[in-house]
Amino acid sequence: MIYDANNFPSGSQLKCDLCVVGSGAGGSAAAMIAAEAGLKVVVLEAGGFVTPEQSTQREEEMFKKLLWQSGTRSTVDKSVKIHQGLGVGGSTLHNINLCKRIPQTILKEWIHNRGMHHLPLKKWQALYTEVEKLLTVTEVPLKQYSRHNQILVDGCKELGWRGGPLQHNRTGCVGSGFCELGCAFDAKNNALKVLVPRILRAKGEIITHAYATKIRKEDGRATSVDVATIDPKSNEKVGSFNVEAKAICVAASATGTPALLLNSDIPDPSDTTGNTLRIHPAVFVSGDFEDKVNAWQGIPQTFECTQWLDFDGHGNSDAHRLWIITAFAHPMGTATMLPGHGAAHAERMKRYAHTAVLTAMLHDETRGTVKPDGDLALKLEYWPNEKDRKELMHGAWACAKLLFAAGAKSVTLPVQPLKTITDVAQAETFKNMELKRGMIDITAVHPMASIPMGDDASEAAVDSRGKHHHLEGLWVADGSLFPTSIGVPPQLSIYAMGLHVGRHMVTSLGAA
Amino acid sequence: MGTAAFAYRGCLGYASLDDWQGEVLSSRQASILLSVANALLPPAADEGAFKEVPIRVDRFLRGLPTAFLREVNVLFYAVEHSTTILTARWHRCSELPLEDREAFLTELSQRKGLQGLLYKGIRDLCMLGYYQQQKVWPSMGYTGPMVGPPRPEYRYGWMKAKDGALPQTLVKDS
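Sequence order for the protein chains is C and G. For the first sequence, the residue numbers in the numbering used here are 1 to 512. For the second sequence, the residue numbers in the numbering used here are 1001 to 1174.
Please keep in mind that the hints were generated in silico from the structure rather than gathered at the bench. Mixed in with the good hints there might be a few duds.
Cut-off 30 Å, straight-line C-alpha distance, at most; resulting in silico cross-link-like pairs (DSSO-like, lysine-lysine) [unchecked claim]: (1) G:Lys1112 with C:Lys431; (2) G:Lys1162 with C:Lys15; (3) C:Lys203 with G:Lys1172; (4) C:Lys350 with C:Lys436; (5) G:Lys1135 with C:Lys292; (6) G:Lys1051 with C:Lys233; (7) G:Lys1112 with C:Lys217; (8) C:Lys246 with G:Lys1162; (9) G:Lys1120 with C:Lys431.
Using the sequences plus the hints, can you model the full thing?
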C-alpha cells in the first residue's frame, strides 16, 4: 500500500530487506524487481501520491504537486533552471513520454573507458527491449501530429535537414497537450501506472512525504536510512523515522542521490560524487505565424530534428551536439520566459495562439556540481563552458532557420533585451552572440551523470551493477549512473538501470 | 528630523490592503507587488485580475523552501528601497509616480548581475500572478485545460492505505 509518513508517529522504526529512496523510473523499476522476487521492500518518496484524477491541468496547482520547489529550482546564480519531478512516479508524472535509447556510439565509449563489465552492449539492447515492451512504447502516427509538430516537419523538409518521428509511452492519449502538468486522462504508461501496481501487489510499501536525509553505516556497511517526515502544505520537517534494511538503493535523481550520499559522508576516493553533473541545457526560440498554431494542444514533441546531432562524430571537437524539438509552455511559463513588460510584452502574449517554439537541447560536456545544503535542500552549480555556450547559440540559429523555413513571419530569441528578426539572414546574428549569464533563460530537465558508474574503484564510486564500491549494501539506480551526457531523453535508460540494478540487488541478497 | 524622515521612508506611509490574508507575503509586500504590477503589467489589464496578483503570488509561494522565501523577502526589500542607491530617486519604488516607477524598473532591467536579477524576480512574480488567471486567457487566445472527453475510471484508489493503517514493516512506533 501507499502510506503517508504524516500518519505514523515520529520516531518510528521500520525494518525491511531493501529500502529504495525515490519512486521515479529507476527507483520504481528496482523496487518492482525486488518485491516480485519476494523481498520486503520499502520505497521512500519525498513527494505525495498524485493521481490523474487530481490533475487540474493548471500550472499554478500542478507545478506545486509535481515539481521540486514548484518548478523554481535553479542553480545558485539563478542562470539555469532545472525542472525535476516529485511524487510517486517521480519525473515520469510530468515528462512528455519521449522514449529514446542511448546511441551505440556513447555506450561503446562508456564500455571502452569505464569497464562496464556488467553492461555490455547486448545487455543494454535486452534491457531496452524489455522496457519498451513494459511501457508499450510506440511511434506517434503522423495523423496525430499537432500543427506545432507539423511546423518542425515542414521546416526540416524545406531545408533538407535530417529528422524523424519520435516514440512515446502513451496509450489512450486524447491529445490534450497538458502532459507536463500530469495527464488527467491517465494516458502516460509511466512508473505510477505500470510499475507501482506491481510493487504493491508484491507487498512492497511506498511511503510518501518521506525525505531521506542520511544513510547510516556501521563497519563498512549501509545499515539504515534516516527519514524526515514532510508536511505537504508547509514542506517543513514535522517528524522523523528510520528504516533499517539489509540493502539501500538510492534513486533520488541525479541531484538528490549525490546530495544524500555526500550528506551521509559515503566514502568516495574517486571524488566524483556530485562533481560531474550534466543537465542537457536548452535554449528556446519562438516563431510568429500568420495562422493559428495553438501549440498547447495536441501531443507535444512527436518529431525530432537531428541535423545537428552527430553522435558518430562523438569526441570530434567539431561534431555538433544539438537535439531540436518543439517545446511550449502554458501561459504562466510563457509569460515568465518572455522578457520585457508592459504593453510590448502584452502584445507578444496576444500572439500566443500564433506562436511556435523550438528548443535546441545540448548534449553537454560541461560538468556541474551538486552539494547538499543542510538535510532538506541542495546547491547546484552549472554554467555551460565556452564550447557548450557556442553550441547552444548554434542551436538558436538552427531553430530560427527551421521556423522561417516553415513559414514564420518573425522569429524571436527571448534574450534581454528581446531580439526579433524578420529575415532568415539575420539569424546569423544568433550564432555570433555571446551567451552571458542572465541574458536568456536556460532550462534543463535531464540532470544526469553525477555519480558516473565504472568498474575501476579508483575512478568511480559505483560499479556497472549500480553497487557502491566503498560501502557494502549501498546501490544507486537512477540517471546519476551515466558516465556522460547521453544527448537524448533519459527516461527509458533510467527505467533500464532500475531493472538492471534491481536484479543485481536481488542476487546479492540471495533472493534470486 | 532626518532620522524621522528616513523612518517614514522606510517603514511608514504604505497603503494598507483591506482584509489582506496572505500567509507568505506581508500586507506591505502585497502593496509593493501591486504597485510594481501596476507598472509592469499591460496598461489595459483586467482590473479584477490585476488586484488578484498578490493573492495568487502568495498562494504560489506557500510551501516553498525557507531559503527561497528569504530571498523573496530580500527581493521585495531591495526593489522597494534601492531607488535611492541605484538611481538617485528619493522616494521608495511604491511611492514613485507611475511613469517614474516604470522608468526605474526599466532601468533595473537593463543592468547586469544582481540588479538585473532584482528586476527579473519581481517581474516574474507579477507575470506568474497575472497570467495564471482564467479571465486573462481570452486576450491571448488560450483555451485553457481540456474539459472533455470523459476521464477514465479512477484506478488508483486501491493503492492508498486506509486512514490509520500503518506499514507492515513498522516494528516500533516510537
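Hint by hint, here is what the structure shows:
Simply put, Lys1112 of chain G and Lys431 of chain C have alpha-carbon atoms about 22 Å apart, close enough for the 30 Å limit, and the pair holds. Taking the CA atoms of Lys1162 of chain G and Lys15 of chain C, the gap is near 21 Å; set against the 30 Å cutoff, the hint holds. Under the criterion of a C-alpha separation no larger than 30 Å, the hint pairing Lys203 of chain C with Lys1172 of chain G is consistent with the structure, at around 19 Å. In summary, the hint linking Lys350 of chain C to Lys436 of chain C is supported, as the alpha carbons are separated by about 29 Å, within the 30 Å threshold.
A hinted pair counts as satisfied when its Cα atoms are at most 30 Å apart, and Lys1135 of chain G with Lys292 of chain C qualifies at roughly 21 Å. Between Lys1051 of chain G and Lys233 of chain C the alpha-carbon distance is near 25 Å, which keeps this suggested pair within the 30 Å criterion. With a C-alpha separation of about 47 Å, the suggested pairing of Lys1112 of chain G with Lys217 of chain C is violated against the 30 Å cut-off. The straight-line distance between the Cα atoms of Lys246 of chain C and Lys1162 of chain G is roughly 28 Å, inside the 30 Å bound, and the hint therefore holds.
The hinted pair formed by Lys1120 of chain G and Lys431 of chain C meets the criterion: a straight-line CA distance of about 25 Å does not exceed 30 Å.
Checked against the numbered hints above, the structure breaks only hint 7 and satisfies the rest.
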